[in-house]
Structures are given as C-alpha cells and as structure tokens.
Amino acid sequence: MSISRDWLAVLIALAASALIWLGVLPHIPW
Amino acid sequence: MNSSSNGVLKLVPGVLLLAMLGFLGKLTEQSITAYSKANHVALPNIEFVLWAILYGLIISNTIGIPKICVPGVDTYEFFLKLGIVFLGVRFLLGDVMKLGSMSLLFVAIELAVSIALMTWLGSRFGLSPKLTSLLAIGSSICGVSAIIAAKGAIDAEDEDVSYAIGAILALGAFSLFTFPAIGHALGMSDRTFGLWAGLAVDNTAEATAVGALYSDTAAKFAVLAKTTRNATIGFVVLAYALYWARKNQAKQVGNKVAFLWEKFPKFVLGFLLLSLAATLGIFSKPQTADIANLSRWAFLLTFAGVGLRTNFRELQKQGLRPLIVGALGELGVAVVTLAMVYGADKTIGF
Numbered sequence: 016m017s018i019s020r021d022w023l024a025v026l027i028a029l030a031a032s033a034l035i036w037l038g039v040l041p042h043i044p045w
Numbered sequence: 002m003n004s005s006s007n008g009v010l011k012l013v014p015g016v017l018l019l020a021m022l023g024f025l026g027k028l029t030e031q032s033i034t035a036y037s038k039a040n041h042v043a044l045p046n047i048e049f050v051l052w053a054i055l056y057g058l059i060i061s062n063t064i065g066i067p068k069i070c071v072p073g074v075d076t077y078e079f080f081l082k083l084g085i086v087f088l089g090v091r092f093l094l095g096d097v098m099k100l101g102s103m104s105l106l107f108v109a110i111e112l113a114v115s116i117a118l119m120t121w122l123g124s125r126f127g128l129s130p131k132l133t134s135l136l137a138i139g140s141s142i143c144g145v146s147a148i149i150a151a152k153g154a155i156d157a158e159d160e161d162v163s164y165a166i167g168a169i170l171a172l173g174a175f176s177l178f179t180f181p182a183i184g185h186a187l188g189m190s191d192r193t194f195g196l197w198a199g200l201a202v203d204n205t206a207e208a209t210a211v212g213a214l215y216s217d218t219a220a221k222f223a224v225l226a227k228t229t230r231n232a233t234i235g236f237v238v239l240a241y242a243l244y245w246a247r248k249n250q251a252k253q254v255g256n257k258v259a260f261l262w263e264k265f266p267k268f269v270l271g272f273l274l275l276s277l278a279a280t281l282g283i284f285s286k287p288q289t290a291d292i293a294n295l296s297r298w299a300f301l302l303t304f305a306g307v308g309l310r311t312n313f314r315e316l317q318k319q320g321l322r323p324l325i326v327g328a329l330g331e332l333g334v335a336v337v338t339l340a341m342v343y344g345a346d347k348t349i350g351f
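As they're listed, the protein sequences go chains A and B. The first sequence begins at 16 in our numbering and counts up one residue at a time. The second sequence begins at 2 in our numbering and counts up one residue at a time.
Next comes chain B alone, as it looks inside the complex (with noise of 0.2 Å):
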C-alpha cells in the first residue's frame, strides 16, 4: 500500500506540470482571441494545441524536464487513452461502424503500402533487416506502443528499438507543422483532414494533436482513424513475430488468440462502451457534453506530453539511415493516404 501511494505521489509533480503547460495554453489562446476582438485587430488564431505544445518544446529543449516531473510527464499517454475513452460519447455506435469499416479498408491499403515501402527502403539503404521491420511496425500502426509490442516479440535489439522510435518521433513532430498547412492549402474539411491525420501519423498522441491544430471535429475523426489503425496492432506484429520465429531468430509463437488479446489495445473497449451508452441515449445533452469536456482535457494534458517529450538534441543523435528511410516511407504513406481520403471525398463523399 506504501509503495504503490508513493508510486502515485511520484505522479503529481509531472502530472502538474502537464496541467499548467496545457492550462497556459488554453490560457494564451483565449487572451489573443480575446485582445483582438477588444480591439479590433485581426491576429492569426493560434490553436491552444499549438501553444501547449510549443511549451512543452521551450522546456524541454532548454532547461529539460526537472528530474522530480519526470515520472509524472510520462503519463502524458495515460490521458491520451483517458481522452480517447471519453471521446467515444460523442460518437453514435452506427458512425463508428460506418466510419470505422471505412477506414479499415483504408488501413489495410495503407498497411500494405507502408510495409512494402519501408521493407523495401530499408533494403535499398542497407538497414538490418529487423529495423526494417521495427520502422514497418512503427510506420504502418502506431508508432511507439507498436514498436514497443513487436520488440520482444520479435527479440529485437534495443539500438534499433531507439532507432525506430527516434524517427518515428521526429516525423512525428514534423507532421505537426506540415500536415494542417497542407490540409488548409488544400482546403480539405475537418472530416477528410482528420482521417487522413488518423491514417498518415503514426503515435496516437501526435495524430490527435494534428487533427486538433486543424480543428475539434478534425480531431475526433483523427482519433477514430487512429484507433481503428491501433486496433489492428496484434494482427500486424503477430504477423512479423511469426515471420521471425520461422527463421528461428525469435520465440515460437504459443497460443495465437492470447498473443492477439495481449497486444489489443484495450482503451478501443472502452471508446466503443461510451459510444454504446450515447447511441441508447443514456446522457443527456448537457452530460454528453461534460464528457466530451473531460475528454479535451485529458488531451490538454496529452498536448502539453507531446512537447515536453520532443528533444531535439535527443532526437539529433539517432542514426541518419533509419530516419531517411523512416522519412521517406513516411512520405509515401502520407501521399498516398491524401490521395485515398481526397478521392474518396470527393467521388463518394463522406
């Protein structure tokens, strides 16, 4: 009982950080909008997401993460799944199917796509082979956790787990400054932007932070496309896991539905629960908005993470092949998704 109450006090002084980094964003936002229409001056219109994150970015890239917020910053996923949960009340359970089997086949062409192309990168600029799969993994499904889940189970070696997230990271960090200009250049809505931020970006949190930079609707379709991505995390590293045991270079894979249940993302459960409970209508308007508040911020927290996570310095020190290939495959992914959700807008729209 001790340890574990010190292991949640451990928590708030990170937790608190995150809160304050979010909060003063939330804050700038509100007092830019505010001086503007106070005074009738037309200032751009920075989203809160933008700011928290560029917090984040000050502190981390200057005087770093006290040592003391550590263990509390680390959370900054928790609220993201915390957020994603909650986000399922503002989803009825029918456009979840309807938009969720959308975006399954999406995923399965994007899967295909980005395998094929990282493999065949990571070929063509001599990376080991099991990189190559990490970078696939990392780049087809969702990022970091992905990459996480196919380490032991591929027994990977820990340079090349760095490696991978690395580039994962700094792609990640990079789509969150191209991807809303190209989505305003191209004058896509905030359903056809969100999904193609859930399917292009590879960690949930910078998914969700892309498509909330663009707007907040943009962002609850980025997190459905992204879940439904997660969501097929067992499949894809259960695939490699038995690729790399038929070579003998890692464990034999024993009961197949447990490694699947193991590796399930079990958050998607509790989205589908609350979306269960407003498609019967069980809240009633003002409390599915009260949800859809805790769901903002939890992601306030998540946002703030993103920033505080991202070292440049850090990021600087990976190896330059992976993150070329990583770039490069990333690039294809993101082309060819824009294309799928663009086309798909505009023949059949949705």
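Isolated chain A, as found in the complex (with noise of 0.2 Å):
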C-alpha cells in the first residue's frame, strides 16, 4: 500500500523535473 505510493511519489516527481528540464512545463510561480 504505502510502498506502491511511495513509488508513485517518486515517479511523478521525476517525471514533473524532466518535464521542466526539457522546457514542456512552464514557470511554476509561487
């Protein structure tokens, strides 16, 4: 249960960094 999130966590993550690496992800303000 908790591991299975723990992954996904970890998936999005790294999926949202290289998304923002490339340029496909615009500004995130805050």
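Note that these hints are calculated values from the structure, not bench results. Just so it is clear, the structure is predicted and the values come from calculations on it, not from any experiment. Treat the hints with care, as some may be off.
[Unchecked claim] So the derived list for chain B, only partly shown, Cβ under 7 Å to chain A, looks like this:
no., residue
1, F79
2, F268
3, L295
4, R297
[To be verified] A few chain B positions that, by computed beta-carbon distances, are all more than 12 Å from chain A:
no., residue
5, S102
6, T179
7, G271
8, M341
9, Y343
By construction, the Cβ of each residue, glycine as well, lies at the ideal position given by its N, Cα and C atoms.
The task is to assemble the complex, starting from two chains supplied on their own in separate frames and drawing on the hints.
If you want it as structure tokens, here you go:
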C-alpha cells in the first residue's frame, strides 16, 4: 500500500522535474 | 481500467478541498501583508501554513469532512512525499551527507532516549507491553506510518494501534503551537530550529509544518532531519519484530534484508536522486526554483490535510493513560533533542 504510493510519488516528481528540464512545463510561480 | 479510473475520480473532491484550503491560506497571508503595507499598520505575520491548518481544523471540527471528500483528503500524505522528493533539488548531496550523518548521530541518541523513556513510562503506567512498543516506535521514528508498519510485524491489537496513533496525533497538534513559540523565545536559527523540529516532532507532516511555521529554511532542515529518521524505520521495526518473535508473540521474521527493504520509505530514494541531479548541475537556476516551488505547492496541500485530519472530539476518545505516557515521553525527547541541537550549534556550530 504505502510502498506503491511511495514509488508513485518518486515517479511523478522525477517526471515533472524532467518536463521542467526539457522546458515542457511552464514557469511554476509561488 | 474502469475501476482504477473510478478510484482516481473518487479522489478528486478531496484533493480539490485540500487545494482550496491551502490556497485560501496562502491568499489570507498575502492579503494581510498587503493590507498592513498599504495602511502602514504592523500586523503579526501569520504564515500561510497556520492559516491552511486552521481552515482545515475549522472544517473537521464543525461540519466535519464531507463524505465525498474523505478519500481525496487521505492523499495529503502522498502530497507530503511528493513535496519531499521535489525538495531534494534544494540540497547539494554533500550537504545531505554532512547534515544527514550529523542528523543520524542525533537520531541514534534520540532513538535510544525515546525508546528507553517510553518503555520505562509504559511499565510505570501499567500499559500493555505491545502498546508500549507501539508508542516507543511511533515516538522514536515517524509517528503514524511507523506504528502501522509495526502493527503487522509485532501482531499488535487494533485497539492499541488506535490508542498509539491517537496519542501521537494529539501531541503532533500540540507541537504545532508550542515549538515555534519556544524557538522564537530562544532565538534559534532557522537551521537549528529545523533540525530540532525534524528530530522531535513525530509525524512527518507535522514536523514539516512546524518547520514551515518558523521559516522556509527551517522547513527544509526539518524535512532533512525527519527523512533521516524515517530512513531508520526498518531497523527499529525489525528489532521489535525480532524481540516479540523471540517471545513467541509474533510471527518469525524470514529474510531480514527483504524485511528492511520492504519497510524502507522509498520516497527517500527520490529525494536523493533529485539532490544528486541538483549537485551535478543538471538544472538551471530558474528550473531549480520551479521544482522547489512544486515542492511548496505539494506541502500546501499537506498542511490543509493536517488540519482536516485533526478532530479534537476523536482525540478526546483516546485513552488517557497512553496520552499521558506519550506526552511525558515526548516532553523528554523534545528537551533532550533541543539540548543536543542547541548545544551543538553553540559549541561546534553548523
């Protein structure tokens, strides 16, 4: 249960970071 | 496919509620700052973290979380993990190793103190040995997830599990309001306060929130210290599992390495990977800022979830003795860890 959620968090975070690196995602404001 | 997309759809209302409350918290902070600037009045700067938690608390303790939102609200822990992985980008691997190993030393002392103290208090107050084990595990490592990880491993009773979780959550809520006040009273630096919060506050969500209530930098260090603590979860649960198995009151542990890997929080690996990428200079400055901002947004949802999940009526139903044992144990841990980080800061500095 928690294990698969852990991996999902890792995958999503890495994918989002890769998209930012590729310039696909727009600037994320705060 | 249908059932899994249904499952995801069920999460939408609750996730929207988390996002709305978090965003409302952020808007409130910004509005107050803008108002005090425009009108030249000095108003206390209350961080969005506290507003998000407060709005969550108001809903959960008045109308309650709408049923349709319950599955989505439970994802706040997922957003916490997501936020922690993103946060890796703000650390150079060398700092992680340096501060992590220093934290590890503190964690080792903290583990010993908290396990010894809880075991002693548990027997003094006549708690069942397994409830005492759960409280010791929860207070020494990472609160709720450690207790749940240990439940199966030591064959604990459901009632004991809910007592232990209740006590840890009640104390976490308490620390949200007391820790930042103590930090300010002692004039602690962001780094020292963050390390203290990460070492002394049990649940990762609350530890992050306590750090963020102090400052953005304090939150960063709170997460680092707390993540180090979380990484030790397997070893402590394994030790308890072996202890209860030897007493023939829990099933035997098969492959110990597999056991450790199963209990290891995998998001820590993601955190290290992003920190490695940042260390190698893969991301430009604006890209690093963007990823760090994603981490802030993920934490925003977590903080709303912390408020929503805290129901004072539910907490009151928990047994008084586990709460007293938990509170006394936590107080001891808080004092010892405060003395450690404060002493280390004043003597060697970090």
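Evaluated hints:
Checking F79(B) against chain A: minimum C-beta separation of about 5 Å stays under 7 Å; hint holds. Taken as an interface hint, F268(B) checks out: its beta carbon lies about 5 Å from the nearest beta carbon of chain A, inside 7 Å. Restraint check, L295(B) versus chain A: the minimum CB separation of about 6 Å is within 7 Å; hint holds. A least Cβ separation of about 5 Å between R297(B) and chain A falls short of the 7 Å threshold, and the interface hint therefore holds.
Chain A leaves S102(B) outside its interface by the beta-carbon criterion, the shortest separation being 23 Å against a cut-off of 12 Å. Non-interface status of T179(B) relative to chain A is upheld: no Cβ of that chain comes within 12 Å, the nearest being about 28 Å off. For G271(B), the requirement that its beta carbon stay farther than 12 Å from each beta carbon of chain A is not met, with the minimum near 3 Å. Even its closest Cβ contact with chain A, about 29 Å, leaves M341(B) beyond 12 Å, as expected for a residue assigned away from the interface.
Every CB of chain A lies more than 12 Å from the CB of Y343(B), the least distance being 31 Å, so the non-interface label holds.
The structure does not agree with numbered hint 7 stated previously, though it agrees with all others.
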